[in-house]
Amino acid sequence: MGTLFCEVTDGFRAYKVGGAHRHIPEIEQELTVLAGKPVTISFTPHLLPISRGILSTMYAPLSSMISEQDIQELYESTYADEPFVRVCPTGSFPATQYVRGSNCCDIGMKIDPRTNRIIVVSAIDNVAKGASGQAVQNMNLMNGFDETCALMGAPFFP
Numbered sequence: 020m021g022t023l024f025c026e027v028t029d030g031f032r033a034y035k036v037g038g039a040h041r042h043i044p045e046i047e048q049e050l051t052v053l054a055g056k057p058v059t060i061s062f063t064p065h066l067l068p069i070s071r072g073i074l075s076t077m078y079a080p081l082s083s084m085i086s087e088q089d090i091q092e093l094y095e096s097t098y099a100d101e102p103f104v105r106v107c108p109t110g111s112f113p114a115t116q117y118v119r120g121s122n123c124c125d126i127g128m129k130i131d132p133r134t135n136r137i138i139v140v141s142a143i144d145n146v147a148k149g150a151s152g153q154a155v156q157n158m159n160l161m162n163g164f165d166e167t168c169a170l171m172g173a174p175f176f177p
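Be aware that the sequence shown starts at 20, since it is given in this note's numbering, and climbs by one per residue.
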């Protein structure tokens, strides 16, 4: 098995390269809804020898000139009332160890002025924020409970 810890330890590799990852249709579907027009992405996951965590780096062209500060403020205002999304300070980026054991998604961003693209980096604990944490969060919302019920444990790091 190519994903057993003993086979991946001390290594770092890409997998499901070339549009083969099972989550691409779901990602494109949700981005298309948000954009109001078809969105096609390139997505290549990488396998690290860590027990939990996903660090994603996403690139998108900007349709107009916008300052990094404006983007930062947009992210901060968009997620201000979201208890599980933490926007990193300007110039800072998330790391998997800071979300380990939590239901949080940490997000940081930067504009590359050479290419007029935004680079967004996010980190989640795919075990806690993965299907189980998301299921509890959805159950809370569907049943009128506080969204954070049973999900506010302290992360494992340091």
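Simulated from the structure, these hints should not be mistaken for lab results. Ideal Cβ placement from N, Cα and C applies to all residues, glycine included. Careful, some of the hints might be misleading.
30 angstroms max Cα-Cα, derived DSS-like pairs, lysine-lysine [what the hints assert, rightly or not]:
no.: 1; residue 1: K56; residue 2: K129
no.: 2; residue 1: K56; residue 2: K35
no.: 3; residue 1: K129; residue 2: K35
Pair by pair, the computed Cβ-Cβ distance ranges are [claimed, not checked]:
no.: 4; residue 1: I60; residue 2: I85; range: 31 to 37 angstroms
no.: 5; residue 1: T22; residue 2: S82; range: 20 to 26 angstroms
no.: 6; residue 1: G30; residue 2: D89; range: 17 to 23 angstroms
no.: 7; residue 1: D89; residue 2: H65; range: 28 to 34 angstroms
no.: 8; residue 1: E92; residue 2: E49; range: 41 to 47 angstroms
Checked hints:
Taken as a hint, the K56 and K129 pair is honoured in the structure, with Cα atoms around 24 angstroms apart against an allowance of 30 angstroms. With a C-alpha separation of about 26 angstroms, the suggested pair K56 and K35 falls inside the 30 angstroms cut-off, and the hint holds. Pair hint K129 plus K35 holds up; C-alpha atoms about 26 angstroms apart against a cutoff of 30 angstroms. As the Cβ distance of I60 to I85 is approximately 20 angstroms, the hint placing it in 31 to 37 angstroms is violated.
At roughly 38 angstroms, the beta-carbon separation of T22 and S82 lies outside the given 20 to 26 angstroms, and the hint is violated. Restraint check, G30 to D89: a C-beta distance of roughly 40 angstroms breaks the suggested window 17 to 23 angstroms. At roughly 30 angstroms, the beta carbons of D89 and H65 sit within the given window of 28 to 34 angstroms. A C-beta distance of roughly 23 angstroms is found between E92 and E49, which places it outside the suggested range of 41 to 47 angstroms.
Violation of the numbered hints given earlier is confined to hints 4, 5, 6 and 8; the remaining hints are satisfied by the structure.
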